[in-house]
Amino acid sequence: MVILKRILFAFVLLFVVSGVVFFLMHSLPGDPILMWLGAEYNPALYAQLKAHYGLDKPLIQQYLIWLKNMLQGDLGKSLLSHTPILEEIMRRIPITLELILFAMIFSVALGMATGIFSALHRDRFIDHFSLSFTLFGISMPEFFFGAILMLFFALFWRVFPPSGYVNLSESWSANLHHMVMPALALGFPRSAVICRMMRSSLLEVFGKNYIRTAIAKGLRTQDVLLGHALKNAMITVVTVIGLQVGYLVGGSIIVEKLFVIPGIGSFGINAIVSRDYPGIQGFILVVAFFFVFSNFLVDLSYLYLDPRIRYGSRGRKQ
Amino acid sequence: MAVDTYRPIWRDLIASKKAMFGLAIIATLTITSIFAGSIAYQSPEKMDIVSTFHAPGTAFLLGTDNYGRDVLSRLIYGGRVSIIVGVGAAVLGVILGIPLGLFSGYFGGLADNIISRFLEVIMPFPTILIAILITFAAGASQWTVIVAIGIVLMPFFARLVRGNVYSIKENQFVEAARGVGSSHLRIVFVHILPHCGAPVIIMASLCVAFSILTEAALSFLGLGVPPPTPTWGGDLQAGIKYLEFAPWVTLSPGFAIMLSVLGFNLFGDGLRDALHTEQSFIY
Numbered sequence: 277m278v279i280l281k282r283i284l285f286a287f288v289l290l291f292v293v294s295g296v297v298f299f300l301m302h303s304l305p306g307d308p309i310l311m312w313l314g315a316e317y318n319p320a321l322y323a324q325l326k327a328h329y330g331l332d333k334p335l336i337q338q339y340l341i342w343l344k345n346m347l348q349g350d351l352g353k354s355l356l357s358h359t360p361i362l363e364e365i366m367r368r369i370p371i372t373l374e375l376i377l378f379a380m381i382f383s384v385a386l387g388m389a390t391g392i393f394s395a396l397h398r399d400r401f402i403d404h405f406s407l408s409f410t411l412f413g414i415s416m417p418e419f420f421f422g423a424i425l426m427l428f429f430a431l432f433w434r435v436f437p438p439s440g441y442v443n444l445s446e447s448w449s450a451n452l453h454h455m456v457m458p459a460l461a462l463g464f465p466r467s468a469v470i471c472r473m474m475r476s477s478l479l480e481v482f483g484k485n486y487i488r489t490a491i492a493k494g495l496r497t498q499d500v501l502l503g504h505a506l507k508n509a510m511i512t513v514v515t516v517i518g519l520q521v522g523y524l525v526g527g528s529i530i531v532e533k534l535f536v537i538p539g540i541g542s543f544g545i546n547a548i549v550s551r552d553y554p555g556i557q558g559f560i561l562v563v564a565f566f567f568v569f570s571n572f573l574v575d576l577s578y579l580y581l582d583p584r585i586r587y588g589s590r591g592r593k594q
Numbered sequence: 027m028a029v030d031t032y033r034p035i036w037r038d039l040i041a042s043k044k045a046m047f048g049l050a051i052i053a054t055l056t057i058t059s060i061f062a063g064s065i066a067y068q069s070p071e072k073m074d075i076v077s078t079f080h081a082p083g084t085a086f087l088l089g090t091d092n093y094g095r096d097v098l099s100r101l102i103y104g105g106r107v108s109i110i111v112g113v114g115a116a117v118l119g120v121i122l123g124i125p126l127g128l129f130s131g132y133f134g135g136l137a138d139n140i141i142s143r144f145l146e147v148i149m150p151f152p153t154i155l156i157a158i159l160i161t162f163a164a165g166a167s168q169w170t171v172i173v174a175i176g177i178v179l180m181p182f183f184a185r186l187v188r189g190n191v192y193s194i195k196e197n198q199f200v201e202a203a204r205g206v207g208s209s210h211l212r213i214v215f216v217h218i219l220p221h222c223g224a225p226v227i228i229m230a231s232l233c234v235a236f237s238i239l240t241e242a243a244l245s246f247l248g249l250g251v252p253p254p255t256p257t258w259g260g261d262l263q264a265g266i267k268y269l270e271f272a273p274w275v276t277l278s279p280g281f282a283i284m285l286s287v288l289g290f291n292l293f294g295d296g297l298r299d300a301l302h303t304e305q306s307f308i309y
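Line order of the protein sequences matches chains A and B.
Everything in the first sequence is counted per this note's numbering, starting at 277 for the first residue and increasing by one.
Everything in the second sequence is counted per this note's numbering, starting at 27 for the first residue and increasing by one.
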């Protein structure tokens, strides 16, 4: 029941986003056809092109046509390259997805490990050290960390290639080799956030009575941690991990530019710079879709972690 | 609550190494930005074809870039954009977010429900993407970048204030104010708002850090304040091509961004410790 409601909400959300994006794009100053024609402007050609792209119809009608096409999987053609946008996006999605996935794995692994370690050694030197380290992580822009990695690991020591992308189907080892630095650059600042959250959430759980009981009955630290504390502490951490997805998606745009990776982000930036409206719409829609989907996954994981939500009682915090 | 513990908070803040270190960075950044004209020993736009890619040394403290422009001078002027956008966007976020949060928290009901749902939906959306779209739609300039980031920050303040108002309005002094016939407007602004001061200031400090990061990212993508105005993000991006033989062109603005963001984060963090409140980072 809860799941159904969530799915419905996700669809409504996507619908709203698509509408907002469409009307925003079409209310912008600047006529893409005019810009595109440039010096070759003549009224007949202009009218013909306008009709060809359906831009002469009333806005509402344009929207309905666009919506209908979108539901049939047709996002229109790029004004720039004249190729179908969906095709272009489908080709690029796996690249960005791979980058985000690796960054996610890295940041969750590093963040949770340091967070747990910090919480277990509360107020010792190692805890203070890791806390100051997370401050650096939070203050570090992805592109600067990426540039440092590039300088040392690609240009000085030549461990990894400085930029570019190799398709997984061509060579998986080269693919991974190219992905290491971008994933680290994207994931590192996120790991700092996860580490802080993991630490504070775990410390809160450590203060609970059932943990005291567990310790009092003589369980070893790792049993208390794995059997009692971690799952309860994970609820807030999962929320934060879910929120990081937004930053990972945003950050992937930046990291793709830095490491010249032909993903969704570089497609979007290209579309924006050249005012390719159908391209921008497609880009935002894909990001929104990805985003709604990942939030949905986070909601599902709540159901697993917290039975109170599963059975529909009002146990969830506002 | 906050009023009678004013002095100790101040002392805690001064005693906090974190906060003072952050404040020192913020002060340095502010002073160099204000007096950029007299501190920078060269115009940030002065090109010199003879001395391109000078390594850092006595002639050019942080070296020169591909046009022979002095990196340090560009850094000092670039700081202006960062601090103006950083503080400006945070202030705008406060101005937009506080009324929304006050309104939604104080009156509750349907309006609150709609506002909260709306904020809940846009908050986790990639902030950089919203900022990109707004600057793109409005045309890139220092002011549109401020507006774009300010709008992105608005929900954070609205949510924060709403949450605080919810608990504050249950206090007896609010009931008393209502009893003596104060108007809603007076209750909200005179009796409730001052109690939101501390969390808002902490959040604002962290938001300045966030704005500086976002501005740098926009400039890095070439969608921020357009050239020839020097920006840290733009300079960093321009330097990437020459990273191998002139790393100072990239590293200097990178460190500048990191240090100033660190400064505001440290200050916000120290302030939070001094106030003994639990409030998480906005990231």
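These are calculated hints, taken from the structure and not from any lab test.
Among these hints, one or two may not hold up.
Output of the computed footprint for chain A on chain B, the stretches with three or more beta carbons under 8 Å from beta carbons of chain A [stated by the list, open to error]:
(1) 99-107
(2) 153-166
(3) 239-247
(4) 287-298
Here are some of the chain A residues that sit facing chain B, going by a computed Cβ distance under 10 Å [claimed, not checked]:
(5) 322
(6) 324
(7) 327
(8) 328
(9) 331
(10) 362
Remember, predicted model here, so these are calculated numbers, not experimental data.
Yeah, the Cβ is synthetic: ideal placement off N, Cα and C, and Gly gets one too.
Consistency of the hints with the structure:
Counting residues of the stretch 99-107 of chain B whose C-beta sits closer than 8 Å to any C-beta of chain A gives 0, which falls short of three, so the coverage hint is violated. Residue count for the stretch 153-166 of chain B with a Cβ under 8 Å from a Cβ of chain A: 7. That meets the three needed, and the coverage hint holds. Residue count for the stretch 239-247 of chain B with a Cβ under 8 Å from a Cβ of chain A: 5. That meets the three needed, and the coverage hint holds. Counting residues of the stretch 287-298 of chain B whose CB lies closer than 8 Å to any CB of chain A gives 5, so the stated coverage by that chain holds, three being the minimum.
Here the hint on residue 322 of chain A is broken, as its CB sits about 23 Å from the closest CB of chain B, past 10 Å. Interface hint at residue 324 of chain A: violated, since its Cβ lies 28 Å from the closest Cβ of chain B, which is beyond the 10 Å cut-off. The criterion of a C-beta within 10 Å of any C-beta in chain B is not met by residue 327 of chain A, whose closest approach is roughly 26 Å, and the hint is violated. The interface hint given for residue 328 of chain A is broken, as the beta carbon of that residue sits about 25 Å from the closest beta carbon of chain B, more than 10 Å.
Taking 10 Å as the C-beta cut-off, the interface hint given for residue 331 of chain A is violated, the closest approach to chain B being about 18 Å. For residue 362 of chain A, the interface hint is violated, since its Cβ never comes within 10 Å of a Cβ in chain B; the closest pair sits about 20 Å apart.
Hint violations for this structure: numbers 1, 5, 6, 7, 8, 9 and 10, all remaining hints satisfied.
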